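S.K.: Dock chain one against chain two, each of which comes alone in its own frame, and use the hints as you go.
If you read the sequences in order, they're chains A and B. Letter by letter, the first sequence follows residues 1 to 373 in my numbering. Letter by letter, the second sequence follows residues 1 to 241 in my numbering.
If you're looking for bench data, these hints aren't it; they were derived computationally from the structure. Worth double-checking, as some hints may not be accurate.
[Said to hold, decoys possible] Calculated lysine to aspartate or glutamate pairs in the EDC-like style (CA-CA distance at most 20 Å, straight line):
(1) B:111 - B:169
(2) B:77 - B:195
(3) B:114 - B:132
(4) B:24 - B:125
(5) A:114 - B:86
(6) B:214 - A:173
(7) B:68 - A:173
(8) B:24 - B:148
(9) B:203 - B:31
(10) A:78 - A:217
(11) B:214 - A:217
(12) B:140 - B:118
(13) B:24 - B:169
(14) B:214 - A:224
(15) B:159 - B:86
As the structure is a computational prediction, the values presented were derived from the model and not from experiment.
Here's the letter readout for the chains.
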Amino acid sequence: MVEAKKASPLYIGWITALGIAILAGLFTTYRIFTVGHVIFGATNVVFWTLPLAAYIFFALTSTGLAFVASIPLVFGIKRYEPVAKRAVLLAIAALIAAFISLVLELGSPWNMIKYLTSPNLTSTLWWMGVLYGLYLVFLVVTFWRMGKALCILAFLFAIAASSTLGATFGLTESRPAFFGGFMPVYFLLTALLGGLAAIVLVSLAYYHFARGGLPEEQAPLFNELGKMFGLVIGIVLLFFVWRTIVGLSATYPEFVAFKHIVGSWPYHFELWLGLVIPLLLMAIPSVRATIWGKVVASALVLLGMFAGRMESLLAGQLIPTGPMALGVLEIVTYAPTIWEWLVVAFALAVMLLLYTLGEQYLKLEAAPKTASK
Amino acid sequence: MTTYAMVIDLQRCVGCGACIIACKNENNLQEGVFWAYRINRTVGRFPNVRYDFIPTLCNHCANAPCVKGCPTRAMHKSIGGITMHDPTKCIGCRYCMARCPYGVIYFNWEKPHKFWRDVKPIIKDTTSSPLEVTREVRGKVIPYYNPEREETLPGIRPKGVVEKCTFCDHRIRKGKLPYCVEACPANARIFGDLDDPNSEVNKILGRYKPFRLKEELGTEPKIYYVRSFNPGTYEKTKGGL
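Next up, chain B with everything else stripped away, as it sits in the complex (with noise of 0.2 Å):
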């Protein structure tokens, strides 16, 4: 059995957003949709006050209560526990986005790539329009399509369908790391079998404490974050005073 996991190293990760934007591209994703994504919170008071960032996608949870509630079954579990989506079952009733407490599941509310099917020039007379740019250099629908994501799921998604993150299954099954993993300038993302006590994954987890977003609700994600990102340290005081 094979168990993929997530950790995401809070002390390495930089906040630069790398993995947005690779997991962008590699998946096709159009405008509004993030797969990979983040939560930003400022904690403290001015002028003491933190900035935090925390990388999300899709927790793979075990206990997945989108899987639970798709009525068609469009959300399912596939190899390695990764919870997969198919566009070609989902009836776009959104109850999936409804169920997950991690607000991680995207509609299309439109055709996607509204801006590259544009037949206008950007400037009159002057530029090319979208279309003839994608045209140009062979893209589908978009410039930059990436085939491969075709492999295990339409290149783009229509509309009226959810979509998100999906461990990059067409990359693990060719032993390749999920692009974010790959696109991570920091290596703070660290993708494995939890069922292999030898995995890198396993190791980080048995050497930190991790923990993982709304563990009460015992949806058991399959991202874990160890660590902080915090340099700095503060005078040692007896109780504040």
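Chain A with its partners taken away, still in its complex shape (with noise of 0.2 Å):
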């Protein structure tokens, strides 16, 4: 995102600490792929952790951004041209970075090829992969051509292959403190807030450190974003609390676990930090219409989102089932490793690698040719 001087020190300085962190997430593939998931915060009752956590985060922002891109590409809104290949080029780099942070849950690569070598039609888990796989190869041809029935293909896979993920939680009978039917809703939900997030507060990074700031004719539009964020966030807040209210009055014993991350500061970041503090920073038209207000309320609600998909995960996994419960505590504990941290960090610097790649030798900002058509 800072590459238009090429040779200045904030540039080099930016690519260093992207290589350093790529550098470092791959000897931690290494580690995986040698030593085995014995190196992550895992058990056999939390058997998904961090890294699982930044798929669904990644997979969802990637999402969020290929609905932003369909405002203008599908749904034909032309103000909204100036981001939709930045959205569709970030959403490329989110899913990859995702699917990088799913090899390394799983721990190997090879892994992929049973996907399609033996599949299981009745499993969502497998449908997800297929959609997720299907989704990218119609973003990666977007980008090139923004043919309409491309744009549309791209878009029907975002919110089918985003829900079915919701589902695959909402599946769990055994755990409904995934939330069941809840969930794929809540998915599309909040990847279209993370989505929304990741567009403003890239582009306004861009600009800031590129172009030496945002160029008038495109602040309108950034204020349109501002609003269309800031009532995101007020619809995601309100399902936010319905989930809270439900969790907190169930009585089935699997909801012990919510209960106990209602009261733990993942939730509480969540809560105020990633959707009470943004959302009241875009309520305020005065805030609203400045940078830093669009910036921060962005970052933290990205931040807030992160640590959502962790929040979500956890419930479902904090209280051991049958015998997994024999000498453990009655509700487990789960810190992350290092190595999960470099799992994160490894798939955060290639998606940002790539976003800067694609903002230094490609047109982002070039109108897509086919979406006023």
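M.R.: In structure tokens:
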């Protein structure tokens, strides 16, 4: 995002930082493939940890960016065209980051081949993988050739893939704290919020670092995006509050974990810093009109979303099931290891590097040729 | 048709844990992995307390959520309704662990039997190393390796895949009982065919009121529990007065 002045110390520092994170990630990959998942903080009780939360975060952010790109490309609202290509590129980069997280969560790239050679059509997880794979194909094709039909297909696959990801959790009947049928809808909504936050943050950072500020003609577009951003934060907050009320009122023993989480810092981070404060920032017109207001709100929302993905994962896992309860606490604890954080840093660095290179070599602000047809 | 099922008689079960140990030996299980295990429960209030021991294993559910959810059919149905797992198809996603309501599926977080692969002597210049012990008795990874397990499944499952009870399918195919049934000193485990009206399993189920774990989920578990271990009695009163 700081590409314009190639030789500037800031640019060199940025690329160096990304390079270090990627190198550390490659070493982490080597460790995971050779030593195994024992380097994670996972157990047979909490078996899905930070790398999977990162997968969900990046995959849904990608979906949300596709939704943003669809505003001009599918629904024909031309004034959003300047952000379309950037949103599609970011969606591709975020999805690649998601796949990196997933491969490292699974532990071997060869596992992906088994996905294709031995499909189980009754499995939502299988469908999720296929839909996200096809979604990536359509995104890449859409980036180079923004035909309306392709854009519509990418949009539909974005909806199908992200809601199927939600259903993957929702269909685990034995773990009601994954919130059943609520999850596909919640994932769609939060994806849109993450996508809006990502496009606002990355675009404004790009204009600040590479162009010396937001061009005047772009200001109305970003103010409008800010309004939409605020509205979606409000809707997500409503869902979030109802999820909390349902979880706190539930008598199923599995919800004890959720009640425990409601008292934890990731939950409060998600609620106050990730939703309430950004909503307030976007609700005050004078703050919403400022660059810093939108940057702070979008950065907080993305951090809150990330904490939220981890919180959702833990809600369904902190209570040990059946014999797994032997010799462990009634509500188990989990803390990510440095290796898990390195997986997240690796995925994020690859995403940002892809975007930086794209911003450098591709004309992201050119109006999509076929979108206005 | 054959539908394998197991009855666990909680009156006969003494909670010795022989089933757990036998299973580990038969299936070459590593430390921390239990295909057969137990739920311990303490009820009542001190000094009037009771300690329950409920033996557990894979329930080989007829409507197995793990089988439905597995993206690669690694978890699948086999002879007699046994829920089997194929490590060569497993991608290590752990979705079966999420979907199993019974907590009986384990993941191999690292190369199994780390202890027995160690080349360092337990006491320097005094004892053998674990690896030397295994080689001395011509074991495979572990000194007590059971080669019969290889007949239907890799003898030791690799890292990065899940594993679980198979009802000792390698023994059943040869007309033998699952090893936990064989090893139970109290004969508290009864194994048989639900589709055979005269099987011992059906005779016991018809005589006692059985229960299954989390029946309300509709998974149709094939592990039934009958009776309750309670040798004592209590003084008869009128409603507790």
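S.K.: Taking the hints in turn, state whether each one holds.
M.R.: Here is what the structure says about each hint:
Restraint check for residue 111 of chain B and residue 169 of chain B: the C-alpha separation of about 24 Å exceeds 20 Å, so the hint is violated. For the hint pairing residue 77 of chain B with residue 195 of chain B, the CA-to-CA distance comes to about 17 Å; that is within 20 Å, so the pair holds. Between residue 114 of chain B and residue 132 of chain B the alpha-carbon distance is near 14 Å, which keeps this suggested pair within the 20 Å criterion. Among the hinted pairs, residue 24 of chain B with residue 125 of chain B is inconsistent with the structure: their alpha-carbon atoms are about 31 Å apart, more than 20 Å.
About 12 Å separates the Cα atoms of residue 114 of chain A and residue 86 of chain B, which keeps this hinted pair within 20 Å; it holds. For the hint pairing residue 214 of chain B with residue 173 of chain A, the CA-to-CA distance comes to about 12 Å; that is within 20 Å, so the pair holds. Straight-line distance between C-alpha atoms of residue 68 of chain B and residue 173 of chain A comes to about 12 Å, which keeps the hinted pair within the 20 Å bound. A threshold of 20 Å between alpha carbons decides the hint, and for residue 24 of chain B with residue 148 of chain B the separation of about 13 Å falls inside it, so the pair holds.
Note on residue 203 of chain B and residue 31 of chain B: the hinted pairing is violated, with a Cα-Cα distance of about 37 Å set against a maximum of 20 Å. A distance of roughly 14 Å separates the Cα atoms of residue 78 of chain A and residue 217 of chain A; the hinted pair therefore holds under the 20 Å criterion. A hinted pair counts as satisfied when its Cα atoms are at most 20 Å apart, and residue 214 of chain B with residue 217 of chain A does not qualify at roughly 62 Å. A hinted pair counts as satisfied when its Cα atoms are at most 20 Å apart, and residue 140 of chain B with residue 118 of chain B qualifies at roughly 14 Å.
With a CA separation close to 15 Å, the supplied pair residue 24 of chain B and residue 169 of chain B stays within the 20 Å bound. Between residue 214 of chain B and residue 224 of chain A, the direct Cα distance comes to roughly 52 Å. Violation of the 20 Å bound is thereby established for this hinted pair. Distance hint between residue 159 of chain B and residue 86 of chain B is fulfilled; the C-alpha atoms sit about 13 Å from each other, no more than 20 Å.
The structure fails hints 1, 4, 9, 11 and 14 (numbered hints given earlier, in ascending order).
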